Structures are given as C-alpha cells and as structure tokens.
Amino acid sequence: MGKVARFILRRKGGKGWHWTDIFTWVWLVGGLIIMFGPAVWLVFSSLKTPAALAEFPPSILPYVTSQATVEGYDKPLMLYDAKMPDGSTRVLAEVRRIGLVAQMVDPKAPAEIVKVNINDRTPVRTMSFATENYTEPFVHFDFLRYLWNSVFVTVVATVITLVVNSMAAFALSKYEFKGRSLAMLVILATLMVPLSVIMVPLYSIISTLGLFNSLWGVILPTVATPTGVFILRQYMLTIPDELIDAARMDKASEWQIYWRIVLPLTAPALAVLAIFSVVWRWNDFLWPLIVLSRRELYTLQVGLSIYSGELNVQWHFILAMTVVTMIPVVLVFIFLQRFITTGIAGTGLK
Amino acid sequence: MAPVNAVMRIIDVPLRRLQKATGIGGMATFFLAPNMLIFGIFVLLPLVINFVYSMTGGTAFFLSERDFIGGEQYSRLFQCQNYLDPMSCQEDAFWTAVGNTFWFVVLQVSLMILTALITALILNRELAARSFWRAVFFFPVLLSPVVVGLIWKWILQRQGLLNFGLYQFGMDPYTWLTDRNWTFAATIGVSLWAHMGFYALIILAGLQAIPKDLYEAAEMDGTKPARVFWRITLPLLAPNLLVVVVLALIKSVQVFDEIYVLTGGGPGTSTLFLTQYIYETGFASALRNPGLAAAASILMGGVLVVLTLIQLGIGKRGENKGKR
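Taken in sequence, the protein lines are chains A and B. Just so we're aligned, residue 0 is where the first sequence starts under numbering that gives the first Met the number 0, counting upward by one. Just so we're aligned, residue 0 is where the second sequence starts under numbering that gives the first Met the number 0, counting upward by one.
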C-alpha cells in the first residue's frame, strides 16, 4: 500500500512538494469530479422514483420511504422510526398529520393511535431501484422504435461511409488522372461547409428527392465525409505501389486490387474511421431534427429532445432514456478510447 | 466474410468488363464517382443553391415557387440604426444572435484554450496512470449534445445537484436557468465541459512532439521552470496552439445543439445563437423565411471560410518549416 501511494504521489525531483505538484493534484481530482460527477449523478437519478426525484435536498443514492399496508386503511401508509417518550424507537405508520403532531399506528397493532411530535420521527428508507423508468418508455412510448431508428441510421451510414470513402481514397492515392487535384481541392473545400451553412437548400434537395421524413434523408447527406477520405488517403499513400503492380501482373482486376489488397492493408485507418462514424451518426441531432417530423421516424436524440420538452414533469423517464442514449458511446469510450485519442491527436479532426 | 466475398466476386464480373472498356484510368473515375456524386448532390449543390435562395422571397421551399427579389434579404438583415443595439434593427433576433454568438465565442474560446492548455501541461507531466487521467478529461467529448444538454439541465434545475451543493453550505436554492446572465454563463460552462478534452488532447500531442533534449539541456543549465515554459514550451507549441485556437473558433461560431437542448435559446433571447436563428427562421417559426435564413447562413459561412483559410495557412507554414 505504501509503495502504491508513493508511486501515485511521486513528485518532480522527489524533494518536497512544489506548488505545481499540489496544483496538479487539485486539477486532476477536481477534473475527475467535474467530468464524471454529472454522468454518475445522471445514472443514480435515473433509478429514482418520481417522488424521490422531487425531494430537496436530494439523496445521492436512490432511496425510497418504506410503506406498509395496514389493516383498516385503504392506502399504503408511510413508515417512520419514531422516538418514544421512554427513549425507545418504534417503527410506526403515519395515519395523518395535524400541525406538529403526527397520528401514527403500529402496523402490527393498528387499533391504537400513537401521537408523535413530527420532529421525533425519521422516515424509514430503503434503497430501491426504479427499473420501471427504463422499461416503461420502451413499452408505453415509442423509445424502442427510436432506438431501432438510431441503430439503423448509425450502422447503415457507417457502412456506406466506409465503402464510399475508401473507394475515393483509393482513387486519389493510387491513380494518376486528370482532375485529381481538382477533386482533392473540392473535398478540401467541403471541410469548410458545415451543415449549419447549407441546411436550408439541403432541405429543399432532400424534399425534391422525396427523402423528407425518411431515414435515408438522414443518412445520405452525411456519408461522403471529407475527413474520412483524408484519413484513408493518408494511410493508403503508405502502401507500396509495387504491391499493386505485382497484382496487375497476376491479372488481378482493379476492383480485386481494391478489395483484396488495399482494403485489408488499410484496416487500422478503417477502424478509426468506423469508430468516429459510429459516434458522429449516433450523436447527430440538428439534421435528423430537420428531416424527421413523424414521430415513428425519430432517432433517439430527436425523440429525447422532443420528449424532454413535452414531458417536462416526467424527468424519471427522460433521465433513464438519456442513460440508454449514453450507453453505446460509453462502451465505445471504454473499449476503443485508444483508437479515438490517437486518431484525434494524429489528424486534429473530430 | 464468405457471403461478402461472394458478393465481391459477383461485382467483379461487370467491373472487369468496365475495366476492359475504359482502361485503368477509367476505373479511377469509377472509384471516385460515388463519393463525388454524394458530395455534389448534398454539399456542392446546396452551397450553390444557397446563394440563389438568399435572393428569393416567400415561404415556399421549392426554388421554382420562389420569387427573385435580389439583395432584399441582405438589406433586411443589415437594416439597422445601431448595430450594437439589436432592438433598433429590423431583424432584431439576428443581431441579438450575432451579439450573443460574439460574446460566447470570445469568452468560450479564451477559457477553452486556457483550461485545455493547463490540462495538457498537467497530463504531460510524469503522472502515474496518465492514460486514465487523459480519459477522464476526454470522456464528455464523445457524449451526444442532447445527452450533455439534458445532464446539465437536470443539474441546474431548482432541485438539482448545484442547488444541493449550495444548500450544504447554507445557501438558498436558485433557479439558474431563468436568470439571463447565469444561463449565459451556464452555456459557456457546459460547452467547456463537453469539448475541453478534445482540445487538451491536441495540445497534448503538440507538447509531446517537443524534443525532450531541449528540456534536458535547460535542466543542466539550471533554468527555472517558469523560464522553461516561456522560452521553450510556449514558442515551440505556438503553431499547434494557433491551429487549436482557430479550430475552437470555427466550432464555437456554430454552437447549437447542446445549448438548444439546455436552454432552447432562453430565457427570452439571452442564449439565442446564430445557428439557432438560422434554424428557427428557416424551419421552426410560424413565419418562416427560408430566404432570410439562407442569407444569414451565407454570412456565417463567410466567417467560417475566413477562419478555415487562416487555419490552412497556418498548417501550410508549419509544413514548410518542417521541410526546411
């Protein structure tokens, strides 16, 4: 233990604490709390019942006040630990409250009413996970549909992106032809054109093509990513041309060269692009919001934002569905973080 | 993979014919075509149409149903007595959005660079479990804007975590998202939270590219750490840092999704930003005016083009330096 602590807390030069050492640890621990805290709070909150969510001050973990059905009373009654005048504590159920005095009964002997000052009692609380927050939106609302739409858009868009971008990257890295630099320039120029600049005319094109209110209208405009072409082209440039020439000698067709030789060798870059594409498409919001106006077509992001505006009071469902929306990205983060961080550090593109 | 391979073999049959007919150069066109086609239809065409759009009026979306009105949309946007006072303008929402976006960009980018630089410097130290700490700061970058917006809406609401924290110190709960100034501050804080790790990562890559022997030499000369920072780290990091600044500016100008989910532009118009103005003018509002939205988006696009050209210029200069 001592060794571990010394390893974790080792300092510059090993002599005494410099102010930068202290600042480092304050920043790191503060960062840990600020960066992870909100997400952890979201997960805990999503497991609370509506009653527990309305409490202030809130409890960290999802507690509920225990209730018991008592003979002679229709509704379940709240249970409290009540301090008795003789100093002992009894578990009592509250019947009604008048001013500062609560009328309570022993659940085992409901006939006798005990009067307790409300300051002398504390609710009996047990931890309970409101899993119905997760199941109900899937059963009673369309969230299963939204989940499916999101998965469909993400998977299809990523597959098309990989195919289309890698073909273009192959052409731009392994062929000499007229207009190559023009094509590169055009792709470079489109880096400057974010969705927010072209959304009005893009919408009219999507409508003209009959893709309004269609998941394909969400997918198609996003697949020809300039970023993807660049990442893949950079990588393909490192594949030796001799390999391709040798394949041509062996009478391989150009398609076979692309499919059997270049693509397998580009696998690491394809993996990075696939991860990025999955995260981009899963998280897309503004464009699906414009293209999809029918409820059954919403993606999770759109559905969630629309519902959070409408079901303003139903935070328990919203929070649970937010967690569901977050899960795939968290999984990507946990297992594939290395690819993403090296990808960003290498290309500077998000 | 077997079925995929079978499909590829079937595709190969017509493609071999094509190759025979067009030669190898023709195949290059074939490989490029799908990507360029999609580019053309969904990026280049809209870009061109956007200019036409911005010179037409009416509420119809199809160009054939719109009337040509020349520069009227632009003059409407610029119809203003005093540009610093949005209320004196005909399109007061546009100038409110411009003003909000300006302050947002200035504050968010400067705070972003500062915090990202500090984080990168710290992550560049000899830390135990460095990749863990890097992951901590990077984590929110991948979250969707909607998730980010909802997480913070939940924290900032009246019974939220922030008020709970203040309550612990004996302070009264406050409705943060109904206060104009606090809401504006929240939009900056939330976007810092969500994107800082991305910029920290790029700066960290820049820091790690600085040759270690420079630091060793400085240490041998007994140079003070502060001097090492100002004389070695910062000058050598400058090109990288400039790219990060421009990148942050480009992203910041387009701020939309997480803020839209968090505040919806409110209270009032205190967090209405340009992209939301374009979206609402073009699509959402009852009195939609796609032409006006197109004109506004072209103005925003102009700003972004200038910023991107600066970025590319910096990148070029860095490359040339490397070659020499």
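Treat the hints with care, as some may be off.
[Unchecked claim] Calculated Cβ distances over 12 Å to all of chain A for the following chain B residues:
{"id": "1", "residue": "77"}
{"id": "2", "residue": "112"}
{"id": "3", "residue": "282"}
[To be verified] Chain B is faced by these chain A residues, among others (derived, beta-carbon under 7 Å):
{"id": "4", "residue": "21"}
{"id": "5", "residue": "23"}
{"id": "6", "residue": "37"}
{"id": "7", "residue": "65"}
{"id": "8", "residue": "69"}
{"id": "9", "residue": "189"}
{"id": "10", "residue": "191"}
{"id": "11", "residue": "252"}
{"id": "12", "residue": "254"}
{"id": "13", "residue": "285"}
{"id": "14", "residue": "304"}
{"id": "15", "residue": "325"}
{"id": "16", "residue": "336"}
{"id": "17", "residue": "340"}
The hints are simulated quantities; they were obtained by calculation from the structure and are not laboratory data. Given the structure is predicted, the values throughout are model-derived calculations rather than measurements. In this text, a Cβ means the ideal position worked out from N, Cα and C, and glycines have one as well.
Against the structure, the hints come out as follows:
A cut-off of 12 Å between C-beta atoms confirms that residue 77 of chain B is not in contact with chain A; the least separation is 19 Å. The beta carbon of residue 112 of chain B is kept farther than 12 Å from every beta carbon of chain A, the shortest such distance being approximately 15 Å. Not every CB of chain A lies more than 12 Å from the CB of residue 282 of chain B, the least distance being 6 Å, so the non-interface label is violated. Evaluation of the residue 21 of chain A hint against chain B yields a violated restraint, the C-beta minimum of about 12 Å exceeding 7 Å.
Evaluation of the residue 23 of chain A hint against chain B yields a held restraint, the C-beta minimum of about 5 Å falling below 7 Å. The restraint placing residue 37 of chain A at the interface with chain B holds, with a minimum CB-CB distance near 5 Å, inside the 7 Å limit. Given the 7 Å rule on beta carbons, the hint for residue 65 of chain A is violated: about 22 Å separates it from the nearest Cβ of chain B. Among the interface hints, the one on residue 69 of chain A is violated; its C-beta lies about 30 Å from the nearest C-beta in chain B, farther than the 7 Å criterion.
Among the interface hints, the one on residue 189 of chain A holds; its C-beta lies about 5 Å from the nearest C-beta in chain B, closer than the 7 Å criterion. Proximity of residue 191 of chain A to chain B holds as hinted, the smallest CB-CB distance being about 4 Å (cut-off 7 Å). Hint status for residue 252 of chain A relative to chain B: holds, with the closest Cβ pair at about 5 Å, below 7 Å. For residue 254 of chain A, the interface hint holds, since its Cβ comes within 7 Å of a Cβ in chain B; the closest pair sits about 4 Å apart.
Below 7 Å, beta-carbon pairs count as interface contacts, and residue 285 of chain A has one with chain B at about 6 Å; its hint therefore holds. For residue 304 of chain A, the suggested interface contact is upheld, since its CB lies about 5 Å from the closest CB of chain B, less than 7 Å. Here the hint on residue 325 of chain A is kept, as its CB sits about 5 Å from the closest CB of chain B, short of 7 Å. Satisfaction of the interface hint for residue 336 of chain A is found here, the shortest Cβ-Cβ separation to chain B being roughly 6 Å, below the 7 Å cut-off.
Annotation: interface hint on residue 340 of chain A holds; nearest CB of chain B at approximately 6 Å, less than 7 Å.
In the structure shown, a violation is registered for the earlier hints numbered 3, 4, 7 and 8, in ascending order.
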